[in-house]
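Asks: What follows is the residue order along each chain.
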Amino acid sequence: MVSIILNGDERQVRSGSIADLVASLGLDVKKVAVERNREIVPRSTLADVALAEGDALEIVHFVGGGC
Amino acid sequence: MTDQWSVAGRSFTSRLIVGTGKYKDFEQNAAAVAASGAEIVTVAVRRVNVSDPTAPMLTDYIDPKKITYLPNTAGCFDADDAIRTLRLAREAGGWDLVKLEVLGEAKTLYPNMRETLEATKVLAKEGFLPMVYCVDDPIAAKQLEDAGAVAIMPLGAPIGSGLGIQNRVTIRLIVEGASVPVLVDAGVGTASDAAVAMELGCDGVLMNTAIAEAKDPVRMARAMKLAVEAGRDAYLSGRMGQRRYADPSSPLAGLI
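Protein chains in written order, with the working numbering: chain A, 1 to 67; chain B, 1001 to 1256.
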């Protein structure tokens, strides 16, 4: 297990890639974008990037919004 | 007779861009978008609710393959946050046409033009095509264009105010000075406001609250579609001159 900050909250998650984490959360990888320690992680590389202790991840998607 | 407009090389028929916020539910939102005829909708970028990943998503109701999603930085108060948000949006959606807005304060939601200009430069350098929310100032509009804005989007009145176009003169000056599309963004309250924007020669109008907060949003969406089309036609047809006194429409000759 590793301890990470996921969308602002501390969480214990299983070690593995970011793609593993996204899948374990039940999210469709095609509908989200991931930022790790303030750097975008391209979707094509999500499976290659291993989670490290203390990583700060942001997982975002599109929601309704106006001007 | 097709009357298209294009932004950054992409052509659209509808000159109405609608937001996707403040609706009762996704069904109503989708119905309003359909009634508006809009081909572009603005969307926000927010954290996924990781505790409820099965919650319905906007993309389940408004198909990004049919409707162009225009990611928007609403809620960002400095250039860094706005740029970061749009980098994520580009990764999530895979397109670079975006709407930049950097707000100055919560009370008026007026743009912070210094941060907006800075963000425009950075985004253009990174290959984004930013459509930029701004004050109704022809000089600021020119500066944004020089910085790489692909469209100028001056406010007609504060966001969500429904006050209508407060300064027609400055909007018109922006239209006359710009070589990129100009779209009124914010302030429209009802159909006549949208028509005014189009009669001033704007290329389009963006609105959200005027439709979402109407008692019958779907009907208002249709009204806005018609108003934008009417205003555009009125602009292209070249309106009559104004006189200070009456001028009879019926011939004076042959009166009994």
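Among the hints, a few may not be true.
Simulated pairs of lysine-lysine, DSSO-like, Cα-Cα distance not exceeding 30 Å [claimed, not checked]:
no.: 1; chain 1: B; residue 1: LYS1142; chain 2: A; residue 2: LYS31
no.: 2; chain 1: A; residue 1: LYS31; chain 2: B; residue 2: LYS1066
no.: 3; chain 1: B; residue 1: LYS1024; chain 2: A; residue 2: LYS31
Quick caveat, the hints were computed from the structure, so don't treat them as lab data.
Asks: So, for every hint listed, does it hold in this structure?
Replies: Hint-by-hint comparison with the structure:
1. B:LYS1142 to A:LYS31: Violated: B:LYS1142 and A:LYS31 sit about 36 Å apart, past 30 Å.
2. A:LYS31 to B:LYS1066: holds (16 Å)
3. B:LYS1024 to A:LYS31: Distance of about 23 Å is within 30 Å: holds.
In this structure, the one hint that does not hold is number 1.
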